[in-house]
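Chains A and B are the protein sequences, given in the same order. Residue numbering for the first sequence follows my numbering, beginning at 1 and increasing consecutively. Residue numbering for the second sequence follows my numbering, beginning at 1001 and increasing consecutively.
By construction, these hints were calculated from the structure, which means they are not laboratory data. Built from N, CA and C at the ideal position, the CB exists for glycine as well. The reader is advised that the hints may include incorrect statements.
Keeping only pairs whose Cα atoms sit at most 20 Å apart, straight-line, the calculated EDC-like set for lysine to aspartate or glutamate is [unchecked claim]: (1) B:Lys-1147 / B:Glu-1157; (2) A:Lys-229 / A:Glu-194; (3) A:Lys-196 / B:Glu-1157; (4) A:Lys-196 / A:Glu-214; (5) A:Lys-286 / B:Glu-1157; (6) A:Lys-129 / A:Asp-222; (7) A:Lys-286 / B:Asp-1196.
Quick list of the computed label-pair ranges, beta carbon to beta carbon [said to hold, decoys possible]: (8) B:Ala-1214 / A:Gly-216: 57 to 65 Å; (9) A:Leu-96 / B:Ala-1214: 22 to 30 Å; (10) B:Ile-1023 / A:Val-58: 32 to 40 Å.
Cβ-to-Cβ under 10 Å is the rule here; a few derived chain A residues that face chain B [claimed, not checked]: (11) Met-153; (12) Gly-187; (13) Leu-241.
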Amino acid sequence: MEEIVFGIGITALAGALATVAGAAEDTESDIGSQGDPNSQVQLAPQMGYIHRIFNKAVAGEPPAYGLWVALGAGLAWAFMAMQINPILAIVLGSALAVFVQGVYATTAYLGRTASLAKFGQPVYIDILKSMTTVTMAHAFVAIFTTVAMCHLMISALGHPFPLPLLGLVWGIALGAAGSATGNPFYGKERQYQEQKFGAGVPISASGNIVRYAEAGQRNSLDNGFFSAKLGGPASGICFGLIVFFELWRTVVFEPLAAGWGAVIIGIVIILIFAIIDRYIEVWARKTFGPYTAPEEASS
Amino acid sequence: MSALGGPKQTGGVQSPTGMGIAIGIVLIIVALVLAFFFAQMAGLIALVGIIIGGVLIGFGVHFVPVGGAPAAMGQAPGIATGVAMLAAGAGLAGLFGGAWAAPLGLPLALAGGAVGGGLLMAITCTMVNIIYVFGMGIPAASGKVAKDPITGDTFPEYKSQGTEGHGLPFISWVGGVIGGALGGLGGTLIYLELLDIYQAQLPTILDTTVEQIAPVAISLAGVFAVGMFLMNAVLAAYNITGTIEGPHDPKFKRFPRAVIAAAVASAVAGIFSIGLLELVGVF
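Okay, chain A solo, but in the shape it has when bound:
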């Protein structure tokens, strides 16, 4: 019994760490503009809209986070093998991984933006100076929490994978959950804030992203401020729920029915999410109703 209570405590802690990781990951990717909406940031200058948005989408979020978290986990693992305290080892490993992220962000911004020179898009050095460090800070939070979560899974729950491999697996899953949940909010609601609420962006409006803020030109820090209100926390909840339920069903229910308890509970959780999803879908159809064209063209 004590073992199960301990397991539930670790599960809750891992879920909490994953929630923070998901929120930090999405906010980082929105400030750095690394998700799919960055296609519009890249497209805008080609359509004549010069902007001051960061631009580092030379890799998708899942492989990028797979790399950074595996790197942080691998270094932490090496430090732990050198008998360094695990918490210090994870901090050091994550800090070193963040420097790689910083180099990636810098070269990606310079490379991607320089490729737009023939469309008149300048490389803003002040953007590079002020925003790279902010993405690095958010990346540190995401990497540290994910590596700490992986360490808990191994040392407290006894998962057989070594830390670097677990870092790769959960890093890719973190990027997948964060980009899936957070991207539409950054893409539709922020970059196309001028478009009508409650409808998709017409394809004809592509590239016409919002470039001006309350005072002066909008930059990626404004975007991080915005997406941290919903897209980030929602991504955090998404990744937190994934980690929590994955661990919870195993820790609590694996002793039942010769191990099949975890599988059955997993299927039950999937069915519960199916009901929630269907309820939301029907609620949206009833509440919002069919699409009605605005009186004036929105594009």
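Keeping the supplied structure of chain A fixed, place chain B upon it in accordance with the hints.
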């Protein structure tokens, strides 16, 4: 004419060519012979398991509703990320569960892997709809079919002007869960087959016990399983080319090509992973 008007959507279905199938079969047979040569019957069984795992991954990726960049602007239905990456996220989460349940036996580990992958997709797809509905005020609408094959919901009247649809209709949600489950199942199967091989070969080569080589065997099998997962997911993504809504999308019919490609690629990659220790032993 499709249900939505316009030209009939064939989805670019191209049947595999005779030459392609012949070369594929030859490569698979050569790989199977080599597997038998390297590790006798155990090697043969492991390679068959790896091929089945690869096929499950390649087939499963076609179920995952991925809208890519257009989905991030509410211009196309699906999840706003890459095909291979989302499938990898789900499949690897499944591998995590499957590897954890490995000591409990093959059926339980495979079921654990499938449920792990399905669970990630179920939560992710639900959160995507929550963002679309409560963050953006947009109801789900498919661009490829007029009616949801499961719920019977109609879509054309909910579709925003100038878009191909948006959000995740229920059929896409179900497709996502099936895709994640198949990915988790395939990834776990590859992992378990390789783990068996390494646990049998490593103690002989290194002259140690199974317990002592367990971390090395688990790491090697895990790394190869992740690698083969990504390989098959990317192959399927090339077959899909861009975005897919799920099992109701005309592009879904392209899967036979990906299944053959995944089988051949898994056989070739599998033989390297099985023969790895033999090669190490030679040197």
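Hints and how they fare:
no., hint, verdict
1, B:Lys-1147 / B:Glu-1157, "holds, 11 Å"
2, A:Lys-229 / A:Glu-194, "holds, 18 Å"
3, A:Lys-196 / B:Glu-1157, "holds, 17 Å"
4, A:Lys-196 / A:Glu-214, "holds, 19 Å"
5, A:Lys-286 / B:Glu-1157, "holds, 13 Å"
6, A:Lys-129 / A:Asp-222, "holds, 15 Å"
7, A:Lys-286 / B:Asp-1196, "violated, 53 Å"
8, B:Ala-1214 / A:Gly-216: 57 to 65 Å, "holds, 60 Å"
9, A:Leu-96 / B:Ala-1214: 22 to 30 Å, "holds, 29 Å"
10, B:Ile-1023 / A:Val-58: 32 to 40 Å, "holds, 34 Å"
11, Met-153, "holds, 8 Å"
12, Gly-187, "holds, 3 Å"
13, Leu-241, "holds, 5 Å"
Going through the hint list in order, the structure does not satisfy hint 7, though it satisfies all others.
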